[in-house]
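Make a model of the complete structure from these sequences and hints.
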Amino acid sequence: MKLILAVVQDKDSNRLTDALGEKDFKTTKLSTTGGFLKEGNTTLIIGCEDELVDDALQVIKDNCSQREQMIAPISPMGGNADSYIPRPINVEVGGATVFILPVESFFQF
Amino acid sequence: MKLILAVVQDKDSNRLTDALGEKDFKTTKLSTTGGFLKEGNTTLIIGCEDELVDDALQVIKDNCSQREQMIAPISPMGGNADSYIPRPINVEVGGATVFILPVESFFQF
Amino acid sequence: MKLILAVVQDKDSNRLTDALGEKDFKTTKLSTTGGFLKEGNTTLIIGCEDELVDDALQVIKDNCSQREQMIAPISPMGGNADSYIPRPINVEVGGATVFILPVESFFQF
Ligand code: NI
Ligand code: NI
Ligand code: NI
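Residue numbers (full-length UniProt numbering), protein chains in the order written: chain Y, 1 to 109; chain Z, 1 to 109; chain R, 1 to 109.
The set of hints was computed from the structure by calculation and includes no laboratory data.
Note that this is a predicted model, so its numbers are computed, not measured.
Beta carbons: idealized from backbone N, C-alpha and C, even for Gly.
Check before you lean on any hint, since a few could be wrong.
[Said to hold, decoys possible] Okay, the calculated beta carbon distance ranges per label pair:
id	chain 1	residue 1	chain 2	residue 2	range
1	Z	Ser31	R	Ser65	25 to 35 angstroms
2	R	Met1	Y	Glu104	16 to 26 angstroms
3	Y	Asn14	Z	Asp62	32 to 42 angstroms
4	Y	Glu51	R	Met1	17 to 27 angstroms
5	Z	Asp50	Y	Gln69	46 to 56 angstroms
Listed below in structure tokens is the structure:
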């Protein structure tokens, strides 16, 4: 058995949890901040059999890989110059940092 | 040394923490959601010596095992038909999912 | 690769995260309560290469070691006798409980 610890962006975490659930992976969600990824991340704990680790990794990859997202222009209405985006831009979103930990034993009561 | 990761229901977590504390186990509580158990769970991290793992497991088992609980009837007052329970029913509550992880080294500063 | 799990006091956690970041350690912060230390603690997850574990431990030690702090007297204004401190006292603050866990594999997507 292995414990998969996956740090993903908040925006990807529900889709990931659903996709894992469809393949009968059980997950527990920790609310976390900062660090491995930009602000606003979630850490999932997934317990799984050794032979299913690759499947779980594929689901994480499919749902959370780093990718570019087009952001529509934002006019400086309301006077918030900080969030003024004059033309469409691409930003990097998503990404996952995944640790596979060995499990010595596992119990359910 | 081992690290015990125990996912339990919120309703059992204070009783479990108290029971572990009485036996001098130190716990750290993570707030978690979903997954291994029905919604509303708590994950406890318990660091303990190898020879005490069985004791800790027994405390978890004693305080968090899955069991049936009688739910009293709820009349449909207030018009909330969803929560209308016409007669006493038994529901499953509790349960614990426990991972024992090996620890390479341990420090206190 | 190792996973460092460090439980520290809330008051030390930002300084620690900054100090770790300056040395290029990536951290993820879990909000936790109770247990290994007095109430109000934070658990950091730090993924790091084997040869950098000692460096990370030194940063944790430098920023979170248990130490004495002088508390200024508090007069019983407002009638809260519980928090009345008649003369300066020393209290223990800080402290860190650190687990080093083996990592079988590590991925970034
Ligand atoms: Ni196994
Ligand atoms: Ni040991
Ligand atoms: Ni390694």
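Q | Distance restraint evaluation - Met1 (chain R), Glu104 (chain Y), Cβ atoms, bounds 16 to 26 angstroms | A | holds (18 angstroms)
Q.
Given the hint of 32 to 42 angstroms, is the C-beta distance from Asn14 (chain Y) to Asp62 (chain Z) inside that range or not?
A. Holds, since Asn14 (chain Y) and Asp62 (chain Z) (Cβ atoms, about 35 angstroms apart) stay within the stated range.
Q. When you take the CB atoms of Glu51 (chain Y) and Met1 (chain R), is the distance between them in 17 to 27 angstroms?
A. Since the Cβ atoms of Glu51 (chain Y) and Met1 (chain R) sit about 22 angstroms apart, the hinted range of 17 to 27 angstroms holds.
(Q) Is 25 to 35 angstroms respected by the C-beta to C-beta distance linking Ser31 (chain Z) and Ser65 (chain R)? (A) holds (27 angstroms)
Q. Taking 46 to 56 angstroms as the hint, is the beta-carbon distance of Asp50 (chain Z) and Gln69 (chain Y) inside that range?
A. holds (48 angstroms)
Hint violations for this structure: none, all hints satisfied.
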